[in-house]
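Undergrad: Each chain, letter by letter, is given below.
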Amino acid sequence: MTPHPRALARLALGLGLLLAACTAAPTAAPATEPTGAPVVQPTAAAAEGQGGAGGQIVLIIPEEPTSLNRYLGDAAIVRQVADTVSGTGLTYVDPAGQYQAALAAELPSAANGGLSEDLKTVTWHLKPDLKWSDGQPLTTADIVHTWETIANPDSGALAQTGGFAEITSIETPDDVTAIVTYAKPYPDYLGQFSAGLFPKHATGAPADMLGWEWNLKPVGAGPFRVTEWRAGESITLERNPYYYEVGKPSLDQIIFSIVPDEAAQEAIMQQGDAHVQLWPGADKATYDARMAGVASQKLVPGVWNLAIDFNLSAPNDGDTGAGTPHPILGDIRVRQAMAHAIDYDVLVDEVLGDQGVVHSTNPFAYGWYQCDLPRQQNYDVEAAKRLLEEAGWVEGPDGIRVAQGVVNAPDGTRLTLELQGYTNYDPLQLTEEWLAEQWKAVGIEITIVNYDFSIIFGSLSDGSPRKTGDFDMLIYDRSFTIEPQQEVSAYFLSTSIPGADNPDGDNYFRWVNPTADSLIAAAGGTFDQAERKQAYCALGEMVQTELPQLYLYVFQDGYGFSSRLSGYSVSTWGSMTWDIQNWQLAP
Amino acid sequence: MPTYALRRTLQAIPILLILSAVLFAIVKAAPGGPLAAAERNPNVTAEQLARLRDRLGLDQPIYVQYGKWLVNFALAGDWGESIKFRRPVSDMILERLPATFLLVSAAFVLMLALAVPAGVIAASRPYSWFDHTLTTLSFAGQSVPTFWLGLILILIFYIWLKNPFTGEPLFPAGGMGTLGADRNLLDLLWHLVLPTVALSAGYVAWYSRFLRSSMRDILNEDYVRTGRAKGLSERAVLFKHAARNALLPLVTMLALDLPAVFSGALFVENIFSWPGMGRLFWDAARGRDYPVLQAVVMINAVLIVAFNLFADLLYGLLDPRVRYD
Amino acid sequence: MTDAVLEREPVQGGAAVPEGMLRQVWRRFARHRLAVASLVILVGLIGAALAAPLNPYDPNAQAPVDKLQAPSAEHWLGTDSRGRDLLARLQYGGQISLSVGLLSTLLTLVIGTAIGAAGGYYGGWIDNVLMRFTDAFLTFPTTFVLILISALLRELPYPQLKNSVLVVIIVIGALSWMYTARLVRGLVLVLRERDFVIAARALGASDARIILGHILPNCLGPILVNGTLQMAFAVITESGLSYLGFGIQPPTASWGNILEEAQQHIFRAPWLAIFPGALIFLVAMAVNYIGDGLRDGLDPYLVRGAKG
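Those protein sequence lines, which keep their order, are chains A, B and C.
Numbering-wise, numbering that gives the first Met the number 0 puts 50 at position 51 of the first sequence, and it's gapless, one number per residue.
Numbering-wise, numbering that gives the first Met the number 0 puts 16 at position 17 of the second sequence, and it's gapless, one number per residue.
Numbering-wise, numbering that gives the first Met the number 0 puts 210 at position 211 of the third sequence, and it's gapless, one number per residue.
In case anyone wonders, no lab produced these hints; they're calculated from the structure.
Where a beta carbon is used, it is the ideal one built from N, C-alpha and C, also for glycine.
Careful: at least some of the hints might be erroneous.
Stated by the list, open to error - For lysine-lysine, the following DSSO-like pairs were computed, each having C-alpha atoms within a straight-line distance of at most 30 Å:
hint : chain 1 : residue 1 : chain 2 : residue 2
1    : A       : Lys-283   : C       : Lys-66
2    : C       : Lys-66    : A       : Lys-297
3    : A       : Lys-283   : A       : Lys-199
4    : B       : Lys-67    : B       : Lys-27
5    : C       : Lys-66    : A       : Lys-439
6    : A       : Lys-283   : B       : Lys-161
7    : A       : Lys-119   : A       : Lys-199
What the hints assert, rightly or not - Simulated restraints on C-beta separations:
hint : chain 1 : residue 1 : chain 2 : residue 2 : range
8    : C       : Trp-124   : B       : Ile-12    : 13 to 21 Å
9    : B       : Val-192   : C       : Trp-124   : 48 to 56 Å
10   : A       : Gly-317   : C       : Val-42    : 52 to 60 Å
11   : B       : Ile-12    : A       : Thr-415   : 30 to 38 Å
12   : A       : Gly-317   : C       : Ala-207   : 50 to 58 Å
13   : C       : Glu-73    : B       : Pro-125   : 48 to 56 Å
14   : B       : Val-192   : A       : Gln-55    : 19 to 27 Å
15   : C       : Val-39    : B       : His-131   : 13 to 21 Å
16   : A       : Gly-317   : B       : Tyr-65    : 36 to 44 Å
17   : B       : Asp-58    : A       : Lys-183   : 49 to 57 Å
18   : A       : Pro-586   : B       : Ile-120   : 48 to 56 Å
Model the full assembly from the supplied sequences, consistent with the hints where possible.
TA: Structure follows, in C-alpha cells:
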C-alpha cells in the first residue's frame with residue numbers, strides 16, 4: 000500500500016470532486032517558474048505590524064500543492080499552504096463551526112442591519128486601513144474583482160464557487176463598504192468570501208485566471224508571503240508585515256518541506272529538524288512514544304463520515320429508480336439485523352485503532368448542526384439472528400442463510416450480498432474485511448468488490464454503479480460543508496434519485512420518504528440555526544430508524560506538533576495552518 | 000563514420016514512433032480521459048464541456064489526434080498540460096531535470112571512481128580474498144532493493160551517527176540544500192552524498208566485476224602474452240594494455256545501463272525528497288496525471304535511444320577494430 | 000547489452016542432451032560451494048512457503064489486540080501492525096513472491112526464446128522485423144512503463160484486472176523478454192550453420208522440429224543462466240513496485256508489500272522489516288549464485304552472450 004494512505008485519499012478526493020481538469024483556456028502559461036529569485040518586495044520598514052518572538056519553523060507536507068489559489072482546486076494539500084498566504088478572507092470558520100469576522104469589521108446580520116429583510120442583500124464593512132502583503136491598500140474593489148473572476152465561466156474556478164453565480168450586483172459606495180445582492184436568499188452568505196480575495200492590482204483579467212502568475216506567488220492578506228518556491232522541494236515564506244492583526248504573526252519565517260517518504264518524515268520530526276508534520280501515518284500512542292517528547296500528535300474529528308449505503312431498490316433491473324424493492328435489502332428487518340450484527344466498539348477501538356476514528360451514528364456528525372444521537376441498533380447478535388428468522392431467512396447447511404417465505408425473494412435464494420468500495424485506502428479495506436466477518440457470523444455472506452476511486456465516484460454516463468443503482472451496498476466516506484442544505488437535499492430528497500432525468504442526484508439508496516422531504520424543506524426555509532438544526536436532527540433520527548444508510552465512524556485529522564510550538568489549535572474546518580498567526584516558537 | 004551515425008539515428012526514429020504510438024494508445028485507454036473530472040463537476044455546464052472537447056480536439060478521429068500530438072510533442076515542444084497542476088508539462092519537466100541529471104551524474108562518477116581501481120586489483124589478483132569479496136558484494140548489491148538501502152542509510156547517517164564537533168547529524172535526511180539557508184556548493188555536495196551512495200551501491204561491485212572479467216580476457220590474449228614474454232613489467236601490462244582496453248566495454252556498459260539508473264533514481268528521489276523527474280513521475284502516477292506520465296516516459300525513451308547510439312559510436316571511435324559498413 | 004556473441008563449442012550432434020553432460024555439469028556446479036548452498040536455501044524457502052497451510056494462523060486474520068508483538072513461542076516471528084502472524088504472512092507471501100518470480104521469468108523466457116529463435120533461424124525480413132520490435136521494447140524505460148501500466152490497468156472497469164498478482168506477472172514478463180530474445184537469436188544464428196542442423200534439414204525435418212529438437216536444447220544453458228538473472232530482477236522489481244504502491248495489493252501478502260508496510264515502521268520497529276527484507280535479499284542472492292554455478296558448470300558448453 001502507498002506510504003500515505005490517508006493523505007492519498009484526501010488528495011484524491013480533493014482532486015476528484017473539486018478540481019476538474021482543463022476547464023478553461025490555458026492561454027498563458029505561468030510567466031515565471033516557481034523556482035528562482037526571491038520575490039522583490041517593497042521594504043517592510045514602513046509597515047506597522049510588529050512581530051512577536053520570531054523564529055523559523057519547518058512544516059512537512061507529503062506532496063507539492065498544485066497552486067496557492069484555493070478557487071482553482073481546494074485539495075487539502077493546497078489549503079495547508081494557501082491558508083498562510085492567500086486564504087484570509089472576510090470571514091473564517093472557528094473550531095465550533097461558526098463564522099467569525101476576519102477582514103470584515105463584523106458579521107452582517109439582521110440585527111446589525113447587514114442582512115436585508117428579504118435576506119437577499121448583504122452589506123459588508125471592511126476593517127479600516129487594510130493592506131495587501133505588498134503594501135497596497137485592500138479595498139472593496141478587490142471584493143468586486145473576486146466576484147467578477149469566480150463568476151466568469153472562463154476563469155476556470157472550480158472550488159469555493161458556491162453562491163457567486165447568484166450574486167446579481169455588488170455596489171461599493173466607498174472603499175470599505177460592499178453591498179452584495181443575491182437573486183435569491185443564499186444561506187451560506189457569511190462564507191461567500193471566506194476563502195480569500197484577489198487583489199485587483201496584482202492578479203489579471205478574470206478570464207485568464209488559470210494563467211495568473213499570482214497562483215504560485217500570491218499577494219495576499221494572510222499572515223505570511225512567499226519568498227521562494229523550489230519546485231518539488233520547498234516553499235519558503237516570511238512574515239507579512241502588513242497583516243491585519245497587529246503584533247502577529249509571531250514567527251519570522253516558515254518553510255514547507257516536501258517529504259514524500261513517511262519513514263523519512265518521522266525521522267526528520269524526531270531529530271527536531273521539522274516542527275509540524277501533516278497527517279502522520281502512525282496512531283497517536285505509537286507516534287508520541289516514537290517522538291519521545293520532541294513532538295506529539297494532535298487529533299481532531301475531520302469531515303469525512305463513513306457509512307454504508309443500502310440499495311433499497313432491485314439492482315440490475317434496468318431501472319435506476321426506486322421501482323422494485325431489493326430482494327434482500329428491501330426488507331427493513333434485514334437492514335436492522337445487519338446493524339445489530341456489528342460490534343461498533345471493537346470496530347472503532349481495535350480494528351481502526353491505528354487510524355484514529357470516532358463513532359458516528361448519523362449524517363450530522365460535526366459543525367453547528369451536529370446531532371448527538373444514540374445508536375438505535377446496538378451490537379446484539381441474538382437480535383440480529385431473530386430479525387433474520389422473522390424475515391424468513393433460515394440457516395442453510397453451510398451456515399449461510401437461505402430464503403424460506405421471504406417477501407421479495409423466491410425460496411432457496413442465498414443470503415449473499417456484494418459490498419462495493421474503492422481501492423487503496425487502508426481503513427476502508429480494514430473495515431470491509433471486518434464487516435464481512437461480522438455479518439458472516441449471523442449467516443450473511445459478503446463479497447467485497449473494490450473499484451478504483453474514479454469508478455466508484457464516476458458519473459451516470461460512465462455507468463458508475465451507485466448512479467445506475469446496480470449494487471447491493473456501498474461503503475465510502477462522505478462530507479458536509481459548513482452549510483449543508485444543498486448536500487442534504489441531494490442525498491435525502493425523494494426527487495434526488497439519480498437517473499437519466501437527474502444525473503446529479505445523490506440519493507443512491509433510492510429512499511422515498513415524504514416526512515424526510517418535508518423536514519428538508521423546513522430546514523431550507525429559514526436562516527435560523529436552531530430551527531434548522533432541529534429539522535436536521537429529526538432527519539438524522541429517521542435515517543437511523545429507516546436505515547437507508549448505516550453510519551459507522553468519522554475520521555480524525557492528525558497533525559504532529561513540535562513541543563517547542565505553542566498557541567496553535569486544531570479545527571475540523573481548517574487546515575493545520577488555519578491559525579498559524581497565533582503560533583509561538585520556544586527557543 | 001558520419002554516414003553510419005546518420006543511419007543509426009534514422010533507424011532509431013521508427014522505434015521511437017512505435018513507442019510513442021503505444022504510449023498514446025495507453026493514455027487514450029485511460030478511463031474518462033482529460034474531461035473526466037470536469038464531467039463530474041456539477042458547476043461545469045454542458046456548453047463548457049463542449050467547448051473543452053472542441054479545444055482539446057477530442058471529437059476528431061484518433062489518428063488525427065495522434066498526428067497532432069506527435070507534431071506538437073516532437074516539433075513544437077508542446078508536451079501538453081498537466082491535468083493536476085494545469086501547467087505546461089514541458090515547464091514542469093524542465094524544472095525537475097537538472098536535479099535528476101545531477102544525481103545520476105554524481106552516481107556515475109562514484110561508480111567509476113570506485114569500480115575501476117577495484118576491478119583492476121581484482122584482475123591482477125584473481126581468486127584472491129579481494130576477488131571473492133568483490134563477487135559477493137556484486138551479488139549483494141544487486142540483491143538489495145534500492146528503497147530499503149536508502150532507508151538504512153538514513154537510519155545510520157542521519158539518526159545514529161552525529162558529527163562529533165557540532166552534534167548535528169552526519170548527513171541530512173533529504174532535500175537539495177539546508178532549509179532556510181543560502182545555497183552553496185558545499186551544502187549541495189553534503190546533501191548529495193547519501194542519495195548518490197544509495198543509487199550507485201548496486202552498480203559499483205557489479206562494474207568492477209565486469210571490468211575484472213574483461214581484463215582477464217585481455218590478459219589471456221596473445222599480444223599481452225607477447226608483451227610479457229618480451230619483459231614488460233606486470234604494472235605496464237596491467238595498466239597500459241589491459242585496463243585501457245577493458246575500459247572500453249565498461250563505458251559502453253555504463254551508457255546502456257543509464258535507463259536502469261534513471262529507474263533507480265525514481266526510488267532514491269522518493270526517499271531522499273530529491274526534487275527530480277522520478278518524483279514528478281510518481282506523484283503523477285498516483286494522481287493519474289497522464290500527460291505528465293506520457294511525457295516522462297517519452298523523455299526517458301529518447302534518452303535511452305540517444306545513449307544507445309552514443310555507446311555505439313563511442314565504441315567505434317575508441318576501438319579501431321570495429322568497422323562501420 | 001553488447002550482443003557480441005563469442006562462440007565456444009556447442010553441444011554437437013544429438014537431439015537430446017546427453018546423459019554424460021548432465022553429470023558433468025552437475026560435477027562442475029557442485030564445485031561451486033556457494034551455488035550449492037544457494038540451491039539448498041532456495042529449495043528450503045520454497046518448501047517453507049509451500050508448508051504455509053501447516054501454520055495454524057490465517058495470514059489475513061486481524062487480531063488488533065495482538066499488534067506489533069515481538070517474536071515469541073506463539074508467534075515465531077512476531078506480529079505486524081494489525082496483529083497478523085508475520086510467519087504466516089511471509090509463508091503465504093513467499094508463495095506469491097516466488098510465483099511472481101518464477102512465472103514472470105517463465106513468461107520472459109518463453110516470449111524471448113520464441114522471438115529470438117524465429118528471428119535467428121529464419122533471418123531475412125522476419126529477423127529484421129522481430130529485431131526492430133525487440134529494439135523498440137528495449138527503449139521502454141521499464142520501471143516507468145511498469146508503473147504507468149499498473150496504474151492504468153487498475154483503473155479500467157474490469158474486475159479480473161483487479162487481480163494484481165496476475166497484472167504484476169504479466170507486466171514484468173512482457174517488459175523483460177528482450178534480453179532473452181537477443182541472446183537466443185545470437186545463439187541460433189551460430190547453431191543453424193552447424194553440421195547437425197544442416198544434416199537434419201537434409202533429412203527433411205520440419206523447421207519446428209529442427210528448432211525445438213535440435214537447436215534449442217543446445218541453447219538451454221545460456222537461457223537458464225539468463226533466467227536466473229531475470230528471476231532475481233523480478234523478485235526485486237515486485238518489492239519496488241509495492242514500495243511505490245503499484246505492486247501486489249493487500250490484503251494478499253507478498254514479500255514486497257510486507258516489506259513496504261514494515262518500512263513505514265522501520266524506525267520504531269526495525270525487526271518487522273528485517274525478515275521480509277532478508278528473504279528478498281536471500282532469494283536474489285541465491286538465484287544469482289545458482290546462475291553463477293550454472294555458468295561454471297556449463298562453461299565448456301557455453302555459447303557466451305549473457306551479461307557479465
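Undergrad: None of the hints should be skipped; say for each whether it holds.
TA: Now for the hints, and whether the structure bears them out:
1. A:Lys-283 / C:Lys-66: Holds, at about 15 Å.
2. C:Lys-66 / A:Lys-297: 22 Å, holds
3. A:Lys-283 / A:Lys-199: 44 Å, violated
4. B:Lys-67 / B:Lys-27: Since the Cα atoms of Lys-67 (chain B) and Lys-27 (chain B) sit roughly 14 Å apart, the hinted pair holds (cutoff 30 Å).
5. C:Lys-66 / A:Lys-439: 24 Å, holds
6. A:Lys-283 / B:Lys-161: 28 Å, holds
7. A:Lys-119 / A:Lys-199: 26 Å, holds
8. C:Trp-124 / B:Ile-12: 13 to 21 Å: Holds, at about 19 Å.
9. B:Val-192 / C:Trp-124: 48 to 56 Å: 52 Å, holds
10. A:Gly-317 / C:Val-42: 52 to 60 Å: With Cβ atoms ~56 Å apart, the hint holds.
11. B:Ile-12 / A:Thr-415: 30 to 38 Å: At 56 Å between Cβs, range violated.
12. A:Gly-317 / C:Ala-207: 50 to 58 Å: 52 Å, holds
13. C:Glu-73 / B:Pro-125: 48 to 56 Å: 51 Å, holds
14. B:Val-192 / A:Gln-55: 19 to 27 Å: 25 Å, holds
15. C:Val-39 / B:His-131: 13 to 21 Å: Given about 20 Å between the Cβ atoms, the range holds.
16. A:Gly-317 / B:Tyr-65: 36 to 44 Å: 37 Å, holds
17. B:Asp-58 / A:Lys-183: 49 to 57 Å: 37 Å, violated
18. A:Pro-586 / B:Ile-120: 48 to 56 Å: 53 Å, holds
The structure shown violates the earlier hints numbered 3, 11 and 17.
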